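Engineer: The primary structure of each chain is shown beneath.
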Amino acid sequence: MSSHRSTPKDEFLDSVRNALGRQSGSPPKPPYLHLEETLAQLESQAQELEQRVSDNLDALLSELAETAQLRGWNVCRAANPEAAIGYVESVVTGLKVGQVVRSAQEVFDQVPVERALQNLGISVVAIARDDQHTRDQLRNEIIASGVGITGADYAVSETGSVVVMPRLGLSRLVSLVPPVHIALVRAQDVVENLDDVFLLRRLEYHRNGGDMGSYLNFITGPSRTADIEQTLVVGVHGPKEVHMVLLG
Amino acid sequence: MPQIKTQDFFDASALSIKDPELRQALQRVGTGFDNARREAIDEVSAEVWEQWRESARQIKEHTIDHLDYYLELLHDNVTKNGGQVHFARDAEQANAIVANLVKSKGVKIVTKGKSMVSEELSLNPVLEGLGTEVYETDLGEYIIQLANETPSHLVAPALHKTKAQVAQLFSDKLGVPYTDDIEEMARVAREALRGKFLAADMGISGANFLVAETGSLVIITNEGNGRLCTSAPRIHVGITGMEKVIPSLHDLAVFLRLLPRSATGQRLTSYMSMVSGPRRESDEDGPEEFHLVIVDNGRSKMLADPKLRESLYCIRCGACLNICPVYQKVGGHAYGWVYPGPIGAIVTPSLVGLKQAKDLPFASSLCGACREACPVKINIPRMLLHLRQELTESSEPAVNSTPALESILARCYTATMSHPTLLSMGTKLLKLLQIPVARNGRIQKAPFAPLSRWTRSRDLPAVPQRSFREIWRQELSGSNQSHQ
Amino acid sequence: MPSALGPKASLYVTCVIDQLYPEVGVSVVRVLRHLGVTVDFPPDQTCCGQPLFNSGFAAQARQLARRVLLSFKDASYVVVPSGSCAAMMRVFYLDLFDNDPVMRQQANEFSSKVYEFSEFLVKVLNVTSVGAQSAGSATYHPSCHLLRELGVREEPQQLLANVDGLEMVDLPNKESCCGFGGTFSVKYPHISEDMVTDKVNSVLSTGADTLVSCDMSCLMNIGGSLSRQRKPVNVKHLAQMLDREAS
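Residue numbers (the working numbering), protein chains in the order written: chain A, 1 to 248; chain B, 1 to 484; chain C, 1 to 247.
Derived from the structure by calculation, the hints contain no laboratory data.
Predicted model, so just to flag it, every value in this text is computed and none were measured.
From the three backbone atoms N, C-alpha and C, an ideal C-beta is built for every residue, glycine too.
Careful: at least some of the hints might be erroneous.
[As the list claims (entries may be wrong)] In silico EDC-like links for lysine to aspartate or glutamate, alpha-carbon gap of 16 Å or less:
id, chain 1, residue 1, chain 2, residue 2
1, A, Lys29, B, Glu372
2, A, Lys9, B, Asp76
3, B, Lys18, C, Glu193
4, B, Lys163, B, Glu133
5, A, Lys240, B, Glu183
6, B, Lys80, A, Asp136
7, B, Lys307, C, Asp95
8, B, Lys301, A, Asp211
9, A, Lys9, B, Glu72
10, B, Lys307, C, Asp194
11, A, Lys240, B, Asp11
12, B, Lys163, A, Glu11
13, C, Lys174, B, Glu183
14, B, Lys18, C, Asp194
15, C, Lys187, B, Asp11
16, B, Lys105, B, Asp201
17, B, Lys301, A, Glu229
18, C, Lys187, B, Asp8
19, A, Lys29, B, Asp8
20, B, Lys18, C, Asp95
21, B, Lys103, B, Glu191
22, C, Lys187, B, Glu406
23, A, Lys240, B, Glu149
24, C, Lys174, C, Asp198
25, A, Lys9, B, Glu281
26, B, Lys307, B, Glu61
27, C, Lys113, C, Asp74
[To be verified] Reference listing, derived: stretches of chain C covered by chain B, where coverage requires no fewer than 3 residues with Cβ under 8 Å from a Cβ of chain B:
id, region
28, 106 to 114
29, 163 to 172
30, 190 to 199
31, 206 to 212
32, 224 to 238
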């Protein structure tokens, strides 16, 4: 019989079990509802979600625009990609920045801001590693930029938030380090509420056998603090100014 | 453990209650935070708010009752994400874990997001002792780090400081020209910390929630420092109490609705960041390593006591502090340790020792406002009563703290109230004793403690000629018809 | 319409009223009788045990609680002119007898019979107007246990609203604790004093002649501060405002 050397984890969990008056670890009975949902159930809920969002899209877009504005976003409703590009141009030129960074997301195919800005003499760096660009170099580009532009993985009407999930082509720092962040939101990115986002994330997690990516950020307005005399100041360590361009 | 000054509560509170600058700062907690919370509740309606509270409470109740299972699930899923989980039974073990990481990974600069647990551990001095530069990056924490003080509130650590005090502090410690313009001071902090964020080897964060289902750590923040600490360095260490876990990502939604509103009245903070392991190979940036340090440090004691268990449901919103008349008047430092206010009056004695913090459970009028404000419906007054009982009735000398005089008074009171003849004798005695001091039905100066403490600012009623029971016997008991 | 065949209520008068404010007890009896209630007063009653319980002396509190349960064992309704005593008996007796299934059962049964005075009038007697009259103005302070442990919020205000001729003025920050808290007031006098000062300032800001509450311990506290400052504000229990024979 091999001796059982207890690890810090065993010791720790034993002391928790002792405190609960339990002998051994066992799952809750009955099992917890949301941990028992099958992939099929999640898929089905996701379909309902999509239906509901599609049925209410106009209302959701309006609510998103209104709520986002209340939360401190500068909101532009762009009827088409040209209007969106026009808005981005005006923001960037108004700030008089020399360099802009952007993520490498699908939305930029629809809304080719890069060319437009370059035509105005503004340098645009796409954050995507390749032979010429290591992680460190890209990081330096971000630090040197006056504006960061991303798409949105989700845009949430309930809260006025843009959700950004860092991964290939989407750096964590693009929407964080430059003092201004512009988020390009397509109608298909919009969901109604927090529950929707978390359902879709869980679906992806379980579809992949237990992976939904390394990081996720909800962005709801500019960076702020009220730590001194509870007086609100906008723009501390994150962007001071955030723009939401709503396509459609 | 940070220095424990809980035994000084009486004296410390007597001083702080007279501090005009502190009182002014504390006023904002009621008119600012608490009012904003009420507005946020009104906006969604009381009915909806109550549904959220009940839902959140049930989630916490379930999770804490099965904490072993969920911690194990969390561990497995964090590991699956490529993260490493470290279990720390106490502060010493937790600090050793982080210190080892610092040493073995060649960490020179650490940026820290807000973490009350790390205050509990007194982690900073340990790391600084290794020659590491440690920078608090939350503005409030940054201010108190410069001032070499401890936080005085769960959510706004520098609440007790006026802008003039912060201006002086920045001028002294950072060498910047004195300015009490708040925007300017925030800009100073931003510039001072910018370089540190980007140069840091390790970022340390706390955790608002831990999602067992997906192995994720969640922080909600406003400034952006939390994101920078968890995104820019090559190592991210999350330090958390073991009670922060929730079962499913589905459950996170209701807590995100409750916590910001309860804390500051915000509908949602500027940022919510969810970390599910270190960066993936395909990520453009992010930490290469993610370590989660799960700390007990006395929480299993609270877990073991069925009457204290619900204190582990706390989501550290600070709503109870903001509404508490005692906290509003004496501030956080008087409580003498990391956790002040109503929840602090339970958590602090549980973690540092009941006798050590014996004043805290009694420093309350039991008004119950805290329980009303609590988003997870923690019955704080009931736990305060439980702790008072422990302190008074424990047979262990290490715990029992009742002054002998009080015990005697309690016994006399009980005896008197157990025998109506004793009661009427007692009343007769009081009527005699009060003769020298009773005027016009009032007593303005009681000759002995504790009544003399009352009469220093308030009148007492004199004992009237006849008690109610005498009037009843003499006049009222005969007739039981209605009077019209 | 009051009737001689009205409900029977046993009065738990509370030791504060019994010993210090007997006139309040008299008003309670008069109001109840006026409404056709047959009132009895179990003579063995003394303290409900709250001061002991709040100070951590649970064993002694249990001794007094047993006495109360015994004194009132034949009661149909137990009417209590105090939010804190009513809360003690309805809510905290169950905690006190946590470890004693027999006593806990008794406490449970007893609990369902306990009514605070205003609660009894409105919820049991279905009365919101007792035909009382008053001149002048008053402001109402809801005591903490009444409000938060018993959930009695509207009833006292409904009863006061129906006192003919009485002008009710809303008390600013009315749900803030007055600072009594039993032994808290003498264990932490500096904090208690600060709290009662806030309450007194709120009362004075209303300009009302009278402060009304359902708890004499609060009124002893706030009234004690008002009289020390020689402020001409009366303090009255709700029963006194409703008592047609009270001057």
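Engineer: Compare the structure with each hint and give your call.
Structural biologist: Here is how each hint holds up against the structure:
no.	hint	verdict
1	Lys29/A - Glu372/B	violated (31 Å)
2	Lys9/A - Asp76/B	holds (11 Å)
3	Lys18/B - Glu193/C	holds (12 Å)
4	Lys163/B - Glu133/B	violated (26 Å)
5	Lys240/A - Glu183/B	holds (12 Å)
6	Lys80/B - Asp136/A	violated (27 Å)
7	Lys307/B - Asp95/C	holds (10 Å)
8	Lys301/B - Asp211/A	violated (35 Å)
9	Lys9/A - Glu72/B	holds (9 Å)
10	Lys307/B - Asp194/C	violated (31 Å)
11	Lys240/A - Asp11/B	violated (44 Å)
12	Lys163/B - Glu11/A	violated (47 Å)
13	Lys174/C - Glu183/B	violated (37 Å)
14	Lys18/B - Asp194/C	holds (10 Å)
15	Lys187/C - Asp11/B	holds (12 Å)
16	Lys105/B - Asp201/B	holds (9 Å)
17	Lys301/B - Glu229/A	violated (37 Å)
18	Lys187/C - Asp8/B	holds (14 Å)
19	Lys29/A - Asp8/B	violated (46 Å)
20	Lys18/B - Asp95/C	violated (38 Å)
21	Lys103/B - Glu191/B	violated (28 Å)
22	Lys187/C - Glu406/B	holds (11 Å)
23	Lys240/A - Glu149/B	violated (29 Å)
24	Lys174/C - Asp198/C	holds (10 Å)
25	Lys9/A - Glu281/B	violated (28 Å)
26	Lys307/B - Glu61/B	holds (13 Å)
27	Lys113/C - Asp74/C	holds (11 Å)
28	106 to 114	violated (count 0)
29	163 to 172	violated (count 0)
30	190 to 199	holds (count 8)
31	206 to 212	violated (count 0)
32	224 to 238	holds (count 4)
Checked against the numbered hints given earlier, the structure breaks hints 1, 4, 6, 8, 10, 11, 12, 13, 17, 19, 20, 21, 23, 25, 28, 29, 31 and satisfies all the rest.
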